[in-house]
Amino acid sequence: MSLAAAAFGRSAPRREGSAARRAEALAGRLPPLMVAAERVAATVAQGVHGRRRVGQGESFWQFRPFVQGDAITRIDWRQSAKSDRNFIRETEWEAAQTVCLWRSGDASMRWRSRAAVVEKAARAELLLLALAALLLRGGERVRLITGSSGNAAGITAGRAALERVAEALARAAPDAALPPDNALPRHARIVLFGDFLTPLPEIRTTVGRLAAVPLAGHLVQVLDPAEALLPYAGRIRFEGVAREFEALIPRVEGVRAEYARRLAAQQQGLADICAAAGFGFSIHRTDAPPEAALLALYMALTVR
Amino acid sequence: MIFAAPWLLLALAALPLLWWLLRVTPPAPRRETFPAVRLLLGLEATEETSAHTPWWLLALRMLASALVIVGLAQPILDAGARLPGRGPVLLVIDDGWAAAPDWARRVQAADTALDRAERAGRKAALLATAPAEDAGPPRVTPAMPVADLRARLAALRPKPWPSDHAAAVAALQDWHAPGTAVVYVSDGLAQPGDADFSRTLATTGPVIEIGSVVPEARVLLPPRAEADRLIARVAQAPRDAASPEAVVLAQSGDSRSLARVSIVIPPGKGEGEAAIVLPPELRNRLARLVLEGQASAGSVALLDERWRRRPVGLLAGDAAAAESPLIGQLYYLRRALAPYTEVRESDLGTLLSRDLSVLILADRVIAEGEEHDRVADWVSRGGLLVRFAGPATAGHPDGLLPVRLLQGDRQLGGALSWSQPAALAPFPPDSPFAGLTVPTEVRVRRQVLAEPSADLTRHSWATLTDGTPLVTEATVGAGRIVLFHTTANADWSDLPLSGLFLDMLRRLVALSVGVASAEDATVLAPAETLDGFGELSPPPQAATGLAGDAFAGTPASPRHPPGLYGPENGRRALNLGAALPALRAAAPVAGARTELLGTVPAERALGPWLLAAALALFALDLVVSLGLRGLLRPRLAAVALALLLVAPSARADELADRYPALATRLAYLVTGDEQVDGVSRAGLAGLSDYVNRRTAATLADPAPVTPGEDDLSFYPLLYWPIVPDAAPPSAAAIASLDDYMGHGGIILIDTRNGGSGEGFAPGADAALQEIGRRLTIPALAPLTTDHVLARAFYLLREFPGRYTGGTVWVQRDQDRANDSVSPVVIGGNDWAAAWAVDAAGQYPYAAIPGGSRQRTLAYRFGVNLVMYALTGNYKGDQVHVPDILERLGQ
Numbered sequence: 382m383s384l385a386a387a388a389f390g391r392s393a394p395r396r397e398g399s400a401a402r403r404a405e406a407l408a409g410r411l412p413p414l415m416v417a418a419e420r421v422a423a424t425v426a427q428g429v430h431g432r433r434r435v436g437q438g439e440s441f442w443q444f445r446p447f448v449q450g451d452a453i454t455r456i457d458w459r460q461s462a463k464s465d466r467n468f469i470r471e472t473e474w475e476a477a478q479t480v481c482l483w484r485s486g487d488a489s490m491r492w493r494s495r496a497a498v499v500e501k502a503a504r505a506e507l508l509l510l511a512l513a514a515l516l517l518r519g520g521e522r523v524r525l526i527t528g529s530s531g532n533a534a535g536i537t538a539g540r541a542a543l544e545r546v547a548e549a550l551a552r553a554a555p556d557a558a559l560p561p562d563n564a565l566p567r568h569a570r571i572v573l574f575g576d577f578l579t580p581l582p583e584i585r586t587t588v589g590r591l592a593a594v595p596l597a598g599h600l601v602q603v604l605d606p607a608e609a610l611l612p613y614a615g616r617i618r619f620e621g622v623a624r625e626f627e628a629l630i631p632r633v634e635g636v637r638a639e640y641a642r643r644l645a646a647q648q649q650g651l652a653d654i655c656a657a658a659g660f661g662f663s664i665h666r667t668d669a670p671p672e673a674a675l676l677a678l679y680m681a682l683t684v685r
Numbered sequence: 007m008i009f010a011a012p013w014l015l016l017a018l019a020a021l022p023l024l025w026w027l028l029r030v031t032p033p034a035p036r037r038e039t040f041p042a043v044r045l046l047l048g049l050e051a052t053e054e055t056s057a058h059t060p061w062w063l064l065a066l067r068m069l070a071s072a073l074v075i076v077g078l079a080q081p082i083l084d085a086g087a088r089l090p091g092r093g094p095v096l097l098v099i100d101d102g103w104a105a106a107p108d109w110a111r112r113v114q115a116a117d118t119a120l121d122r123a124e125r126a127g128r129k130a131a132l133l134a135t136a137p138a139e140d141a142g143p144p145r146v147t148p149a150m151p152v153a154d155l156r157a158r159l160a161a162l163r164p165k166p167w168p169s170d171h172a173a174a175v176a177a178l179q180d181w182h183a184p185g186t187a188v189v190y191v192s193d194g195l196a197q198p199g200d201a202d203f204s205r206t207l208a209t210t211g212p213v214i215e216i217g218s219v220v221p222e223a224r225v226l227l228p229p230r231a232e233a234d235r236l237i238a239r240v241a242q243a244p245r246d247a248a249s250p251e252a253v254v255l256a257q258s259g260d261s262r263s264l265a266r267v268s269i270v271i272p273p274g275k276g277e278g279e280a281a282i283v284l285p286p287e288l289r290n291r292l293a294r295l296v297l298e299g300q301a302s303a304g305s306v307a308l309l310d311e312r313w314r315r316r317p318v319g320l321l322a323g324d325a326a327a328a329e330s331p332l333i334g335q336l337y338y339l340r341r342a343l344a345p346y347t348e349v350r351e352s353d354l355g356t357l358l359s360r361d362l363s364v365l366i367l368a369d370r371v372i373a374e375g376e377e378h379d380r381v382a383d384w385v386s387r388g389g390l391l392v393r394f395a396g397p398a399t400a401g402h403p404d405g406l407l408p409v410r411l412l413q414g415d416r417q418l419g420g421a422l423s424w425s426q427p428a429a430l431a432p433f434p435p436d437s438p439f440a441g442l443t444v445p446t447e448v449r450v451r452r453q454v455l456a457e458p459s460a461d462l463t464r465h466s467w468a469t470l471t472d473g474t475p476l477v478t479e480a481t482v483g484a485g486r487i488v489l490f491h492t493t494a495n496a497d498w499s500d501l502p503l504s505g506l507f508l509d510m511l512r513r514l515v516a517l518s519v520g521v522a523s524a525e526d527a528t529v530l531a532p533a534e535t536l537d538g539f540g541e542l543s544p545p546p547q548a549a550t551g552l553a554g555d556a557f558a559g560t561p562a563s564p565r566h567p568p569g570l571y572g573p574e575n576g577r578r579a580l581n582l583g584a585a586l587p588a589l590r591a592a593a594p595v596a597g598a599r600t601e602l603l604g605t606v607p608a609e610r611a612l613g614p615w616l617l618a619a620a621l622a623l624f625a626l627d628l629v630v631s632l633g634l635r636g637l638l639r640p641r642l643a644a645v646a647l648a649l650l651l652v653a654p655s656a657r658a659d660e661l662a663d664r665y666p667a668l669a670t671r672l673a674y675l676v677t678g679d680e681q682v683d684g685v686s687r688a689g690l691a692g693l694s695d696y697v698n699r700r701t702a703a704t705l706a707d708p709a710p711v712t713p714g715e716d717d718l719s720f721y722p723l724l725y726w727p728i729v730p731d732a733a734p735p736s737a738a739a740i741a742s743l744d745d746y747m748g749h750g751g752i753i754l755i756d757t758r759n760g761g762s763g764e765g766f767a768p769g770a771d772a773a774l775q776e777i778g779r780r781l782t783i784p785a786l787a788p789l790t791t792d793h794v795l796a797r798a799f800y801l802l803r804e805f806p807g808r809y810t811g812g813t814v815w816v817q818r819d820q821d822r823a824n825d826s827v828s829p830v831v832i833g834g835n836d837w838a839a840a841w842a843v844d845a846a847g848q849y850p851y852a853a854i855p856g857g858s859r860q861r862t863l864a865y866r867f868g869v870n871l872v873m874y875a876l877t878g879n880y881k882g883d884q885v886h887v888p889d890i891l892e893r894l895g896q
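Protein chains in written order, with our numbering: chain V, 382 to 685; chain B, 7 to 896.
The set of hints was computed from the structure by calculation and includes no laboratory data.
All of these numbers come straight from a predicted model, not from anything done at the bench.
A virtual CB, placed ideally from N, CA and C, is assigned to each residue, including glycine.
You can take every hint at face value.
Far from chain B, by Cβ distances over 10 Å, these chain V residues were calculated: (1) V448; (2) A569; (3) A681.
Computed far set for chain B versus chain V, every beta-carbon distance over 10 Å: (4) G401; (5) L412; (6) A556; (7) R610; (8) A669; (9) R861.
Label-pair ranges, simulated between beta-carbon atoms: (10) P580/V with L632/B: 33 to 41 Å; (11) L626/B with L629/V: 26 to 34 Å; (12) L629/V with A622/B: 30 to 38 Å; (13) G127/B with L629/V: 51 to 59 Å; (14) L629/V with L632/B: 15 to 23 Å; (15) A622/B with P580/V: 49 to 57 Å; (16) L617/B with P580/V: 55 to 63 Å; (17) L617/B with L629/V: 30 to 38 Å; (18) L629/V with M7/B: 42 to 50 Å; (19) L626/B with P580/V: 46 to 54 Å; (20) E544/V with L632/B: 46 to 54 Å.
Could you put together the complete structure from these sequences and hints?
Right, here's the structure in full:
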């Protein structure tokens, strides 16, 4: 399984091509993708417990004595027959929540440094699918936001929904660096995966728009270790992935501290934006294990 | 150190510019894709200044650039001082015989001077002071560009005659060029015209004299023949300090050295001598004396017939009385001949059985019959028979006389005679005695008389004043018969008491090998002459013949170069040293700047080395630059380095040397004589090959071993050729060999001096005895056909090698400790030579007496020996098979 996960992690960037070829590539890639996501999710589920509240749901929560005002239909006759009193069977509260998931499909996400094992996009997709698996297992509804066709994935629920999410994820066209302006259900949750290296004002606008729906959410910055540390030396001409920018650094060692400062500023800015919008914010590096990031993410979602 | 192109050094001023350029031009950047490039965008301006090339790399490049500039400026080390003047450079070189020993250094010194002239852009001219080969006087070449003159200098060779400074002065009279600088490469020997020469040189221009402190040249004077030795004489210019000893080699005609003597010339002396003592046979083969270490015409003394010894046989008619002092027949003869020739005395048969040049019979009548025939035969083959008359001869003249004698003798003077004892007439000019002065006091009192005939005068070499012949001769075949008409003692005449007798005998003996060495005016044509380096070569064009009587005083010159003159059978040698004045060191040219020959180091151009160093630095810079830009893969570099340093794989023979036990191989003792060792090696290789082809044994290449140093226990068989003059084996070697024999090893000792080859290695048997005394050798018995060795593989009846018939010895007694295997096999059949095969697969050494059968048997003996060594007495049991079968049957 770990081999499969590794195979997934190292998957080549998605190529444009005929639908048939893409479907074939998908078929080859989906099972390990699913398994890897399931594995990560199962590891996390062990440490989390139920909601422990009475509410709508299917599973038994408690019996309580019938009090005036309760509907008679709610009396559990089998339990009541054991004694003189009538009992009402209460189920655990189950509030199905819609969780919108989005990952950046930007070109800058499909890159990894020599030190990293996987591309950022691969890690983001793994985290997304694992989170989706967790959520679906918890009975939540999951919706994948893609840029190409506004609501392509739709809201799905149930165990089989994971495959549909994965399929939609694989089929999704390369995406923008920020989530598209789709119509989203109110009071839903949203989780955004991306490197969020775009200028802060753009991010602030986007997050503000999402918060205005209103939506609560979480923002996960996936970074390559090279992006975090700038482990280069010497005279280097840096180019963006899409050749959009170019920077000639005569001596990279000399700018490393300044770069770290700028990155910290960017991350602080992101954290501020998220805090203002009531979003959570976390940073994940692709050389760190995905389980830790998923656990943190799941805890953050569960608390709210 | 100077620079040939100093203006190029101006480019060094541009180095700071280069420094600046290198500083401001950073290396080309590496390209990296980086998503977070936006965060880097603003950073470049603030950090650019720290991104320059490291200072040490900059220094490396500056150094390399400076090296290129300095290298192109052509620095020259040891360039010496500038030549004075501005006009042409006149190169004066002594190219006489004395320049030959260090000719290369002289040419190099001249070349260095030409280098200086060339750098200064001056023309040059050459004056070689010795007369040219075409006998023309020395001439100054026209001033020409240095490159052209170099070819002339390269073609210049030392001459076998002295340089002629007087003639050089005449040549210099025509030289008129202002600003001339004179470079004089001197041979350092004084010459008659030296003062004039120095003055002329000094007036021509400033002089730089290149020479050695003392003249190195030595000359070999004609040797002096003494009774049993030849005195080699070496002359040199006297030196104050001790001079290194001169080594004289006595060589035969095929350039083999037959003797070697060293002569020490004491300080202050100009001459030294040493005796070369050789057996007469060897001495007669000497063709020249050579001074070792100096190649010049002066270091060769050619020997002609005058230095050869001629054995003279003496025989008297009355053997008993011949020995009496003062009155014996042979008394004066022996005293006259012994100092300069070898005298033998024996009976006639013994004398004629050996090589003999002259046979002197003092009043001995040759008997008719066999004795007469033998002597006549010897004379007709070229012998010189000298007879002295006497009472016996006078009474019985025999057939071997040059003229018919009248019976009886003639007495001059005395109580009953009117006549007076006669004196000698001057020698006729065609006589070999011509030129000898006749002492007036010599009187002949009795003589035998020749029968008068028409040609008697023609046969007379010496006559008395009254015209009767005293010495007559006749040619018989290739030889000659000479008769003294008087006795060899003082009975009949005073002649034996006079010095003339000695000279006459000496002339006669010199005549004996057919050299008509009468020093007459016959012109002898040059046959072979010496060149400047003392090598015999065909005579040059200008060489002309020399009269036979002029050899003593003729100095070597282009007309008469030193060498051999005359016909094949009567060569006369003209030696340079014969007519050379005593060597003296010349005074230096007045006012000249002197440079010592050889101490002036050759100019060395540093340019190429500097450029090469710059290239190396640039290569280093390339590597460093690649490393700085991260393009140097450590693994790749390591692989390249490993490939570079990969050691050549160990060779197979090294393996064999280190691990001799890996294969079975024969071994031979290293004797130190290269030729013998080569034969041993080739022989054992041939035998190993034969054994590998014929038997199941597999032998590797034979190994040379030195007992006491190498471990012998790996080798089943050791071949030991005895070399008579080899150093005796050390105690360690003896112990090692004893141990080897005591533990199952077999040594085949070969004196190479047995059977049909007896006498080929004189002294080997004595050497074997010496070795046998020290070695633990068991009691021996001849090898018979019953021995296991005779049937170990082949059934052999004889055991030949290159020679056959010699007895082969093996251990006599059965020795149970060693399984009755003989630890030593001794013989003298030179087996290795019979087994030897050369690279072409041929047998380089003919078997004696010969035949392929002998060689086959030699190989078979070798196979038996190897089998014996490998299997011990295994085949010995087979000898008893009939007995065993018989016993089993019962």
